[in-house]
Amino acid sequence: MVSVIGAGAWGSAIFYAISQKIETVITSRRKRNIEKFVSLEKALKNEYIIIAIASQSIKDFLETNKEKIKDKKILIASKGIDNKTNKFLNEIFEEYVDRNNLAFLSGPSFAKEVKENKPTALVIASQNEKLADKFSTFFPKFIKIYKSNDVIGVEVAGAYKNVIAIASGICEGLNLGNNAKAALIARGLVEMDRFGEFFGASKDTFLGVAGAGDLFLTANSTMSRNYRVGLNLAKGKTLDDILKELKEVAEGVYTTKAIYNIATKKGIYTPIANEVYKIIYERKKVKDSLRDLLS
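So the sequence shown is numbered by this note's numbering: it starts at 55 and just counts up by one.
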């Protein structure tokens with residue numbers, strides 16, 4: 055039996071998918087009207103756990119439940135970088151769980167389409183090949199699983215693409231055209247790769263499903279929460295109002311801050327992330343940011 059922790063859009067979609075192959079339960083902070091919904095205490099009794107909670111809540115969750123999760127086999131389906139510690143999720147998890155018991159799920163995957171059984175490709179990254187193999191058996195046939203040992207590359211790609219998606223949404227909202235948006239996304243891929251390579255990630259990861267695949271999906275559709283954040287910023291809405299309307303977490307808002315802090319400290323050239331940071335946290339006008347990027 056497998057437990058999914060986190061019953062938001064993505065957690066619910068994962069639960070739906072793997073329930074087709076293996077007995078699965080799901081839990082979250084708030085009680086949900088979902089079949090096989092159980093308490094957190096019961097969910098944490100299973101050996102295999104999939105975590106799909108907001109990345110900014112990961113640290114508190116692990117600290118609160120450290121004794122219950124230390125020996126579990128965990129697949130992390132969350133995407134982001136903790137903006138309080140500026141740590142990648144694998145760094146935070148490894149403080150509580152042996153790295154050989156950890157795997158990371160990423161790739162282009164709108165929850166709505168997963169729930170419609172539409173063909174999807176995902177990547178499971180782990181230092182433990184046998185664990186990645188085991189988790190891959192939980193997914194139904196309509197989900198193609200690729201495996202990787204480039205944990206940091208898959209993590210950076212999954213987090214960074216949300217930041218580029220916000221920039222892409224801004225570009226669309228300002229009606230700058232498809233030429234400009236294509237250039238922005240292409241340069242975003244270069245920027246993501248540059249950031250990841252600083253931490254030892256493989257260039258191949260950014261050219262694959264977890265990198266380019268996830269970026270092209272997230273930065274090109276209103277189904278993406280982060281893309282919609284950018285669209286609404288371009289329309290002059292405040293961030294507070296945008297997040298209230300979304301009613302779900304837009305990870306890119308928080309990841310932007312973490313990337314900006316890391317890049318500033320390490321001296322990594324991240325012009326797109328820097329401008330998104332200035333728009334969100336310094337209230338820079340979106341037109342001024344796009345002008346500065348294009349110049």
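Some hints could be false.
Here are the computed lysine-lysine pairs in the PhoX-like style, where the Cα-Cα straight-line distance is at most 20 Å [to be verified]:
hint	residue 1	residue 2
1	K96	K85
2	K235	K85
3	K124	K188
4	K320	K332
5	K301	K291
6	K188	K126
7	K166	K201
8	K338	K257
9	K332	K301
10	K184	K172
11	K195	K75
12	K198	K188
13	K126	K85
14	K320	K138
15	K75	K85
16	K339	K289
17	K289	K257
18	K195	K172
19	K75	K166
20	K198	K99
21	K124	K96
22	K169	K90
23	K319	K332
24	K75	K113
25	K99	K141
26	K138	K96
27	K332	K138
28	K141	K339
29	K122	K201
30	K291	K257
31	K201	K184
32	K141	K301
Quick list of the computed label-pair ranges, beta carbon to beta carbon [as the list claims (entries may be wrong)]:
hint	residue 1	residue 2	range
33	E302	R241	24 to 30 Å
34	L300	T139	37 to 43 Å
35	E299	K184	25 to 31 Å
36	T118	G62	38 to 44 Å
37	R345	L261	27 to 33 Å
38	A175	G254	23 to 29 Å
39	N229	N171	17 to 23 Å
40	A237	R153	15 to 21 Å
It is worth saying that the hints were derived from the structure and are not from the lab.
Beta carbons are placed, not taken as given, at the ideal position from N, Cα and C, and that holds for glycine.
Taking the hints in turn, this is what the structure says about them:
1. A distance of roughly 14 Å separates the Cα atoms of K96 and K85; the hinted pair therefore holds under the 20 Å criterion.
2. This hinted pair does not check out: K235 and K85 have alpha carbons roughly 40 Å apart, beyond 20 Å.
3. A threshold of 20 Å between alpha carbons decides the hint, and for K124 with K188 the separation of about 19 Å falls inside it, so the pair holds.
4. This hinted pair checks out: K320 and K332 have alpha carbons roughly 18 Å apart, not beyond 20 Å.
5. The straight-line distance between the Cα atoms of K301 and K291 is roughly 15 Å, inside the 20 Å bound, and the hint therefore holds.
6. Distance hint between K188 and K126 is fulfilled; the C-alpha atoms sit about 13 Å from each other, no more than 20 Å.
7. Using a Cα cut-off of 20 Å, the hinted pair K166 and K201 is violated, with the two alpha carbons roughly 23 Å apart.
8. In summary, the hint linking K338 to K257 is not supported, as the alpha carbons are separated by about 32 Å, beyond the 20 Å threshold.
9. For the hint pairing K332 with K301, the CA-to-CA distance comes to about 23 Å; that exceeds 20 Å, so the pair is violated.
10. Between K184 and K172, the direct Cα distance comes to roughly 27 Å. Violation of the 20 Å bound is thereby established for this hinted pair.
11. Between K195 and K75, the direct Cα distance comes to roughly 9 Å. Compliance with the 20 Å bound is thereby established for this hinted pair.
12. Of the supplied pair hints, the one linking K198 and K188 holds, its CA atoms being roughly 14 Å apart against a limit of 20 Å.
13. Taking the CA atoms of K126 and K85, the gap is about 23 Å. The hint is violated against a cut of 20 Å.
14. Proposed proximity of K320 and K138 is supported: the alpha carbons are some 17 Å apart, at most 20 Å.
15. For the suggested pair K75 and K85, the alpha carbons sit about 24 Å apart, so the restraint of at most 20 Å is broken.
16. Between K339 and K289 the alpha-carbon distance is near 11 Å, which keeps this suggested pair within the 20 Å criterion.
17. Restraint check for K289 and K257: not satisfied, since their Cα atoms lie roughly 35 Å apart, outside the 20 Å limit.
18. Between K195 and K172 the CA atoms are separated by roughly 10 Å; this keeps the pair inside 20 Å, and the hint holds.
19. Simply put, K75 and K166 have alpha-carbon atoms about 19 Å apart, close enough for the 20 Å limit, and the pair holds.
20. With a C-alpha separation of about 28 Å, the suggested pair K198 and K99 falls outside the 20 Å cut-off, and the hint is violated.
21. Straight-line distance between C-alpha atoms of K124 and K96 comes to about 16 Å, which keeps the hinted pair within the 20 Å bound.
22. With a CA separation close to 17 Å, the supplied pair K169 and K90 stays within the 20 Å bound.
23. Taken as a hint, the K319 and K332 pair is honoured in the structure, with Cα atoms around 16 Å apart against an allowance of 20 Å.
24. Note on K75 and K113: the hinted pairing is violated, with a Cα-Cα distance of about 30 Å set against a maximum of 20 Å.
25. Between K99 and K141 the CA atoms are separated by roughly 28 Å; this puts the pair beyond 20 Å, and the hint is violated.
26. Taking the CA atoms of K138 and K96, the gap is near 30 Å; set against the 20 Å cutoff, the hint is violated.
27. With a CA separation close to 18 Å, the supplied pair K332 and K138 stays within the 20 Å bound.
28. Using a Cα cut-off of 20 Å, the hinted pair K141 and K339 is violated, with the two alpha carbons roughly 29 Å apart.
29. Proximity of K122 to K201 is assessed by CA-CA distance (about 27 Å); at most 20 Å being required, the pair is judged violated.
30. Annotation: proposed proximity of K291 to K257 is violated, straight-line Cα distance about 37 Å (limit 20 Å).
31. Between the alpha carbons of K201 and K184 the distance comes to roughly 10 Å, so the proposed pair stays at or under 20 Å and holds.
32. Restraint check: the Cα-Cα separation between K141 and K301 comes to about 26 Å, which exceeds 20 Å; the hinted pair is violated.
33. Distance hint for E302 and R241: a CB-CB separation of about 28 Å, consistent with the stated range 24 to 30 Å.
34. A C-beta distance of roughly 25 Å is found between L300 and T139, which places it outside the suggested range of 37 to 43 Å.
35. With their beta carbons about 44 Å apart, E299 and K184 fall outside the hinted range of 25 to 31 Å.
36. T118 and G62 have their C-beta atoms about 19 Å apart, which leaves the hinted 38 to 44 Å range violated.
37. Between R345 and L261 the beta carbon distance is about 30 Å. The supplied range of 27 to 33 Å therefore holds.
38. A175 and G254 have their C-beta atoms about 24 Å apart, which keeps the hinted 23 to 29 Å range intact.
39. Range check, N229 to N171: about 35 Å between beta-carbon atoms, so the 17 to 23 Å window is missed.
40. A hinted range of 15 to 21 Å is violated for the C-beta pair A237 and R153, which are about 38 Å apart.
Hint violations for this structure: numbers 2, 7, 8, 9, 10, 13, 15, 17, 20, 24, 25, 26, 28, 29, 30, 32, 34, 35, 36, 39 and 40, all remaining hints satisfied.
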